[in-house]
Amino acid sequence: YQMWAQFILPCRKVAQQNQFWRDHEWSMPKRVNWIVWILIIPTIFCIEAMRANTKVWCLVTGTARDLRELKFYTVEKLELLYAHEDLEIASLIQFSAIYAFT
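Position one of the sequence shown corresponds to residue 3 (the numbering used here), numbered consecutively onward.
I should point out that these hints are in silico values taken from the structure, not numbers from a laboratory.
The structure displayed is predicted, hence computed values, not measured ones.
One should not assume that every hint holds.
[What the hints assert, rightly or not] Think about it this way: if two alpha-carbon atoms lie no more than 20 Å apart in a straight line, the pair counts; the simulated SDA-like pairs of lysine to any residue are:
id: 1; residue 1: K32; residue 2: Q19
id: 2; residue 1: K79; residue 2: L69
id: 3; residue 1: K79; residue 2: I91
id: 4; residue 1: K79; residue 2: A66
id: 5; residue 1: K73; residue 2: T63
id: 6; residue 1: K32; residue 2: Q96
id: 7; residue 1: K32; residue 2: F9
id: 8; residue 1: K79; residue 2: T63
id: 9; residue 1: K79; residue 2: R53
id: 10; residue 1: K32; residue 2: I10
id: 11; residue 1: K73; residue 2: L83
id: 12; residue 1: K79; residue 2: V58
id: 13; residue 1: K15; residue 2: R33
id: 14; residue 1: K79; residue 2: G64
id: 15; residue 1: K79; residue 2: C60
id: 16; residue 1: K15; residue 2: D25
id: 17; residue 1: K32; residue 2: F22
id: 18; residue 1: K32; residue 2: N20
id: 19; residue 1: K32; residue 2: R14
id: 20; residue 1: K15; residue 2: V38
id: 21; residue 1: K32; residue 2: A102
id: 22; residue 1: K15; residue 2: V34
id: 23; residue 1: K79; residue 2: V62
id: 24; residue 1: K79; residue 2: E90
id: 25; residue 1: K79; residue 2: L89
id: 26; residue 1: K73; residue 2: V58
id: 27; residue 1: K32; residue 2: Q8
id: 28; residue 1: K32; residue 2: I100
id: 29; residue 1: K73; residue 2: Y84
id: 30; residue 1: K32; residue 2: I43
id: 31; residue 1: K73; residue 2: C60
id: 32; residue 1: K32; residue 2: S98
id: 33; residue 1: K32; residue 2: Q18
id: 34; residue 1: K73; residue 2: W59
id: 35; residue 1: K32; residue 2: I42
[To be verified] Here are the in silico distance ranges between beta carbons for each label pair:
id: 36; residue 1: K79; residue 2: R33; range: 43 to 49 Å
id: 37; residue 1: I40; residue 2: F74; range: 39 to 45 Å
id: 38; residue 1: C48; residue 2: C13; range: 22 to 28 Å
id: 39; residue 1: Q18; residue 2: S93; range: 32 to 38 Å
id: 40; residue 1: R33; residue 2: R70; range: 48 to 54 Å
Backbone N, C-alpha and C fix where the C-beta goes; we use that ideal spot for every residue, glycine too.
Just need the whole structure built from these sequences, with the hints factored in.
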């Protein structure tokens, strides 16, 4: 609620006064786009990093999802691949945020 009341509604009111935005409602003004990136990027990065850490902890504690059906080596390889993928997604999002400010 606080995000909606403190950020989205005031930005929408300011954007409605912008002539370009009134002509192209689907396009956010650049300043609003920057603020969205600043607010969303840390959240996505933290979620992806926690997902990667969860994969590693599942291996350490022996609670990986395929551990009962497959050998440990295979499960380890698969879970570390998933962890690497989560970190790659986090890096991609971080790169996109940096690119948005250039």
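* Looking at the structure, which of the earlier hints fail to hold? -> none
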